[in-house]
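Could you put together the complete structure from these sequences and hints?
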Amino acid sequence: MSMSIQPKKPLNILQKMLDKEVVVRLKSNIEYHGKMVNVDIYMNMILDNTKEYNNGQQAASYGTVVIRGNNVLFISFRNSSNL
Amino acid sequence: MSMSIQPKKPLNILQKMLDKEVVVRLKSNIEYHGKMVNVDIYMNMILDNTKEYNNGQQAASYGTVVIRGNNVLFISFRNSSNL
Amino acid sequence: MSMSIQPKKPLNILQKMLDKEVVVRLKSNIEYHGKMVNVDIYMNMILDNTKEYNNGQQAASYGTVVIRGNNVLFISFRNSSNL
Amino acid sequence: MSMSIQPKKPLNILQKMLDKEVVVRLKSNIEYHGKMVNVDIYMNMILDNTKEYNNGQQAASYGTVVIRGNNVLFISFRNSSNL
Amino acid sequence: MSMSIQPKKPLNILQKMLDKEVVVRLKSNIEYHGKMVNVDIYMNMILDNTKEYNNGQQAASYGTVVIRGNNVLFISFRNSSNL
Amino acid sequence: MSMSIQPKKPLNILQKMLDKEVVVRLKSNIEYHGKMVNVDIYMNMILDNTKEYNNGQQAASYGTVVIRGNNVLFISFRNSSNL
Amino acid sequence: MSMSIQPKKPLNILQKMLDKEVVVRLKSNIEYHGKMVNVDIYMNMILDNTKEYNNGQQAASYGTVVIRGNNVLFISFRNSSNL
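Keeping their order, the protein sequence lines are chains A, B, C, D, E, F and G.
Residue 1 is where the first sequence starts when you use our numbering, and the numbers rise one by one after that.
Residue 1 is where the second sequence starts when you use our numbering, and the numbers rise one by one after that.
Residue 1 is where the third sequence starts when you use our numbering, and the numbers rise one by one after that.
Residue 1 is where the fourth sequence starts when you use our numbering, and the numbers rise one by one after that.
Residue 1 is where the fifth sequence starts when you use our numbering, and the numbers rise one by one after that.
Residue 1 is where the sixth sequence starts when you use our numbering, and the numbers rise one by one after that.
Residue 1 is where the seventh sequence starts when you use our numbering, and the numbers rise one by one after that.
Don't take every hint at face value.
[Said to hold, decoys possible] Once the Cα atoms are required to be at most 25 Å apart in a straight line, the calculated DSS-like pairs of lysine-lysine come out as:
| hint | chain 1 | residue 1 | chain 2 | residue 2 |
| --- | --- | --- | --- | --- |
| 1 | C | Lys20 | D | Lys27 |
| 2 | E | Lys51 | E | Lys27 |
| 3 | A | Lys51 | B | Lys51 |
| 4 | G | Lys20 | F | Lys35 |
| 5 | F | Lys20 | E | Lys35 |
| 6 | D | Lys27 | G | Lys27 |
| 7 | B | Lys20 | C | Lys27 |
| 8 | A | Lys27 | D | Lys51 |
| 9 | A | Lys20 | B | Lys27 |
| 10 | F | Lys27 | G | Lys27 |
| 11 | B | Lys27 | F | Lys27 |
| 12 | B | Lys27 | E | Lys27 |
| 13 | G | Lys35 | F | Lys27 |
| 14 | C | Lys20 | B | Lys16 |
| 15 | D | Lys35 | E | Lys16 |
| 16 | C | Lys16 | D | Lys51 |
| 17 | G | Lys35 | F | Lys20 |
| 18 | F | Lys35 | E | Lys27 |
| 19 | G | Lys20 | G | Lys51 |
| 20 | E | Lys27 | C | Lys27 |
| 21 | C | Lys16 | B | Lys27 |
| 22 | A | Lys16 | A | Lys27 |
| 23 | A | Lys27 | C | Lys27 |
| 24 | A | Lys35 | A | Lys16 |
[Claimed, not checked] Taking CB as the label site, the calculated pair distances span:
| hint | chain 1 | residue 1 | chain 2 | residue 2 | range |
| --- | --- | --- | --- | --- | --- |
| 25 | C | Arg78 | G | Lys51 | 56 to 62 Å |
| 26 | E | Lys16 | C | Gln15 | 42 to 48 Å |
| 27 | G | Gln58 | A | Ser28 | 38 to 44 Å |
| 28 | A | Tyr53 | G | Asn79 | 18 to 24 Å |
| 29 | D | Asp19 | B | Asn79 | 41 to 47 Å |
| 30 | F | Asn54 | E | Asn49 | 45 to 51 Å |
| 31 | E | Ser28 | B | Ala59 | 29 to 35 Å |
| 32 | D | Ser28 | E | Arg78 | 25 to 31 Å |
Please keep in mind that the hints were generated in silico from the structure rather than gathered at the bench.
Fair warning: this is a prediction, and the values are worked out from it, not measured in the lab.
Every residue, glycine too, gets a C-beta built ideally from N, C-alpha and C.
This is the structure:
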C-alpha cells in the first residue's frame, strides 16, 4: 500500500504480549488460548499450553503450537470477557 | 499495480483516527467498535475497549485487540448511523 | 505479471474521480456510494457521506469511510443507471 | 514463478484491445461488456458504455467503470458468440 | 519459497505448447479449449478459437481470449482423453 | 516471513522426485497421479501419463499436464497406501 | 507489514521439531501426523510416515509427503491430547 503516513508509535504491543495469556482468533473463527511464547511481525507465533475453542467449546489442547500468521484475525489479552 | 498517478494528498485520515472511536468492518462482516490506539499503512491496528458486533448484535467485548490488517474491509468514525 | 506492454496513457481516471460522487462495488457485491475524497494506486480510498447498499437496498450510512483497496471490484461515476 | 522461459512475442494483444468492444469475465462469472479505454499489465482497466451481465441477463449499465485487475478471469473481443 | 533446489531443466514445455491445441483447466473447473497463441511465466495466455466447457458441456465459444494466469489450475495438450 | 532459522539441509526431496511416480493432491482435493517430469521451487510441475482422481475415482487421463504450483497441497511418492 | 518490533528471540522452535513427531493442521482442517524431516521458513515441510486424519479418522497413509507451506494453519508436537 502506498498510504504515506507513518504511525506515530510502533505497534509494540505484540512485544508486551510475550509471556502473557492471549486469545488468538483465526479467520475461521476457531480460537487458540495460551501463553504467547514468541511472535513476529507477520503474527507467526508460538503458544504454550494451548487450548482450542470452537464456538465457545474447548475442542482440543496442545502443548506447544506454531501458528502461521496469515491465518490470524486478531490477538487479544485473555482478560477479555465474552458476553 | 502500475497505475501511474500519485494521490494529490496523502491518506492521512488514518492518523486523524488515532484516539478516536472507530468502527472496523471486516471482510467477514463482523464489526469491531473501539478506540483506535494505533494503525499502520497495512491497516494493522490496535483497538481499546473493543466490542464485537455480529449482525448488529454485540457478541463479545475485549480489553485490547490487535487486528491483522488484511482482514479489514473498511474503517469508519463511530459517528455513523445504521438505518 | 510480465506482459511487456505499457499502457499508452496512464490510468489517470482515478484522479478525475476526486470530489466526484462515485459507486464502489466490492467483491462481496456490497456497494458504497459517496464522494471520493482520496484514492491511491491500490484503490484504497476515502469516501464522504457514504451510503451502503446491499442488493439495491440502503443498509447503512457513514460519515467517512476508509476502504481497503483489495476488496474493490470496480469504481464508477454515480451517473450510472441500474436497470 | 521461476519458470525460465520468456515468451517469444509479448502479450501485446491487450494493446490491440484499446478502443475495441470487449467482454470482461470476472472470477465471479459476472461479465462487463464495453469499450476498452485503457488497460495495464495487471489487467486493471477502464471501460466505457459498460453493461453488466449476470447469467446472460443485463443487470445494470454504467457510463465508465474502473475494474481492479485481480478480479479478472479473462478478456475477449466482443465478436464472440454464446451458444 | 526458500527451497534451495534449482530444477535441472527449465519448464520449457510452455514454449512447446505455442500454436498447439491445449486444454486449460481453471480453479473453478471451467475449461477452455483452444490454440495457444502466447503464454508467459505466470501462465497468462492468449487462446484462439476458444471453446468454453462446463461439466463437459460446451457453454460458449470465443474468437480470442486473454486468460489471467492466476486462475489457472493446469494446462494440458488436447490429445488427452476423458474417461 | 521473518522467522530467522535456516533449514539445516535443503528441501532437495523435490529433485529426488524427478522421473518418479508421484501423487499430487490439490487444495480442491482432486489428485493427479503421474510421472514427475519437472518441478520448480514454487511447485509448478510437469506430469506425464497423468490420471485425475476425484474422491478416489479416476475421472480423466491426460498425456502431459503443467500444474500451477499455487494449487498444490502436497506431493507424495506413489508408494503410499490409502486405507 | 510495517510493525517495527523485532522478536526478542528467533522462532527457532521449527528447528527443534526436526526428527520429532508432529501434527500439522491445514486450513482445511485436515491433519497430517508424521516425523518432521525438514521445514523451511514458509512452513514448507517434509513429513515421513505420514498419516492423514479427517475429522479425527485416519483417512490415508503416505510414505513421504512434501506439504506446501501456505496451506498450514499450525504445527504442533505430537504429545498433544484431543479432548
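Given the hint of 18 to 24 Å, check if tyrosine 53/A and asparagine 79/G actually sit that far apart at their C-beta atoms. holds, 20 Å
Please work out if lysine 27/E and lysine 27/C have their alpha carbons no farther apart than 25 Å. holds, 18 Å
Between the alpha carbons of lysine 27/F and lysine 27/G, is the straight-line distance 25 Å or under? Since the Cα atoms of lysine 27/F and lysine 27/G sit roughly 10 Å apart, the hinted pair holds (cutoff 25 Å).
Given the hinted pair lysine 27/A and lysine 27/C, is their alpha-carbon gap at most 25 Å? holds, 18 Å
Sort out whether lysine 27/C lies within 25 Å of lysine 20/B, counting only the CA atoms. violated, 28 Å
Hey, lysine 27/A versus lysine 51/D, does the alpha-carbon distance stay inside 25 Å? violated, 35 Å
Does the Cβ-Cβ separation between aspartate 19/D and asparagine 79/B fall within 41 to 47 Å? Given a distance of about 46 Å, which is inside 41 to 47 Å, the answer is holds.
Within a Cα-Cα threshold of 25 Å, do lysine 20/A and lysine 27/B meet the stated pairing? Judged against 25 Å, a Cα distance of about 28 Å means the pair is violated.
Distance restraint between lysine 27/B and lysine 27/E, which requires alpha-carbon spacing of 25 Å or less: Roughly 22 Å between the alpha carbons, so the hint for lysine 27/B and lysine 27/E holds.
For the pair supplied as a hint, lysine 27/D and lysine 27/G, confirm whether the alpha-carbon distance does not exceed 25 Å. holds, 22 Å
Given hint lysine 27/E paired with lysine 51/E - CA-CA distance at most 25 Å: holds, 17 Å
Pairwise beta carbon distance, arginine 78/C to lysine 51/G, judged against the given window 56 to 62 Å: holds, 57 Å
Hints 1, 4, 5, 7, 8, 9, 15, 21, 27, 30 from the earlier list are contradicted by this structure; the remaining hints agree with it.
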